[in-house]
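S.K.: Using the hints, position chain D against chain U.
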Amino acid sequence: EAQVTQNPRYLITVTGKKLTVTCSQNMNHEYMSWYRQDPGLGLRQIYYSMNVEVTDKGDVPEGYKVSRKEKRNFPLILESPSPNQTSLYFCASSSPRRLAKNIQYFGAGTRLSVL
Amino acid sequence: DAKTTQPTSMDCAEGRAANLPCNHSTISGNEYVYWYRQIHSQGPQYIIHGLKNNETNEMASLIITEDRKSSTLILPHATLRDTAVYYCIADPDGSGNTGKLIFGQGTTLQVKP
Numbered sequence: 001e002a003q004v005t006q007n008p009r010y011l012i013t014v015t016g017k018k019l020t021v022t023c024s025q026n027m028n029h030e031y032m033s034w035y036r037q038d039p040g041l042g043l044r045q046i047y048y049s050m051n052v053e054v055t056d057k058g059d060v061p062e063g064y065k066v067s068r069k070e071k072r073n074f075p076l077i078l079e080s081p082s083p084n085q086t087s088l089y090f091c092a093s094s095s096p097r098r099l100a101k102n103i104q105y106f107g108a109g110t111r112l113s114v115l
Numbered sequence: 001d002a003k004t005t006q007p008t009s010m011d012c013a014e015g016r017a018a019n020l021p022c023n024h025s026t027i028s029g030n031e032y033v034y035w036y037r038q039i040h041s042q043g044p045q046y047i048i049h050g051l052k053n054n055e056t057n058e059m060a061s062l063i064i065t066e067d068r069k070s071s072t073l074i075l076p077h078a079t080l081r082d083t084a085v086y087y088c089i090a091d092p093d094g095s096g097n098t099g100k101l102i103f104g105q106g107t108t109l110q111v112k113p
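Quick note, the sequences are listed as chains U and D, same order. Just so you know, we're using our numbering here: the first sequence kicks off at 1 and counts up by one. Just so you know, we're using our numbering here: the second sequence kicks off at 1 and counts up by one.
One chain only, chain U, in its complex shape (with noise of 0.2 angstroms):
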């Protein structure tokens, strides 16, 4: 079955303790794209990546980091995380060998907490 999947699903943990979201895709897709959703300010890109080793800023990436070494994970890494960083977030992949390049595919989605 063709998925994204992200883990975990929730957590919660404390202002400077560094975490990661993992986040995997079978469906060989070269794009991958993180973002957050916040009520009344909608899903936003965090980072995206067009493929192994190429990855680069969407629209809200401070207190973010992303890396690419595989084509089908791209984990997300909260250095220091901070309470503003409190959020839903997804990952989504797509593949731009199709003709409507944005069809993407989602994960469930990770309810992050900082306190």
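Everything hinted at is true.
In silico SDA-like links for lysine to any residue, alpha-carbon gap of 20 angstroms or less:
#1 K3(D) with I103(U)
#2 K65(U) with T15(U)
#3 K17(U) with N84(U)
#4 K65(U) with E53(U)
#5 K65(U) with S113(U)
#6 K52(D) with I103(U)
#7 K3(D) with G42(U)
#8 K69(D) with N54(D)
#9 K3(D) with T72(D)
#10 K69(D) with N23(D)
#11 K3(D) with G104(D)
#12 K3(D) with G58(U)
#13 K3(D) with R44(U)
#14 K65(U) with S87(U)
#15 K3(D) with L41(U)
#16 K3(D) with D59(U)
#17 K18(U) with S82(U)
#18 K69(D) with P7(D)
#19 K3(D) with G40(U)
#20 K112(D) with T79(D)
#21 K69(D) with E31(D)
#22 K3(D) with P21(D)
#23 K57(U) with I102(D)
Since the hints were derived computationally from the structure, they do not count as laboratory data. Because the structure is a prediction, the values reported are computed rather than measured.
M.R.: Frame of chain U, contents of chain D only:
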């Protein structure tokens, strides 16, 4: 990216067709119209997309006006499980370079028994 305008909320009776409108009057010739939905904080789910012609798949139908300034998503027989926020996104084909979808506020569809 073309800006889209959708009603904030709509109701629909279970079993009836749900017709969700979207205005995208500034859409350019190469911009597809995509529809996604998000059920209660789950990951957004792709529904359908189109460029000029009307489209139908197992989930929904998409009607695009001839001038492409607006479109309507049709759920032919709405069920309670179709209660969700529906997003209409007009996107240039080239924005696949960032993989970014620009989500507006969407339409909250409430399907009622």
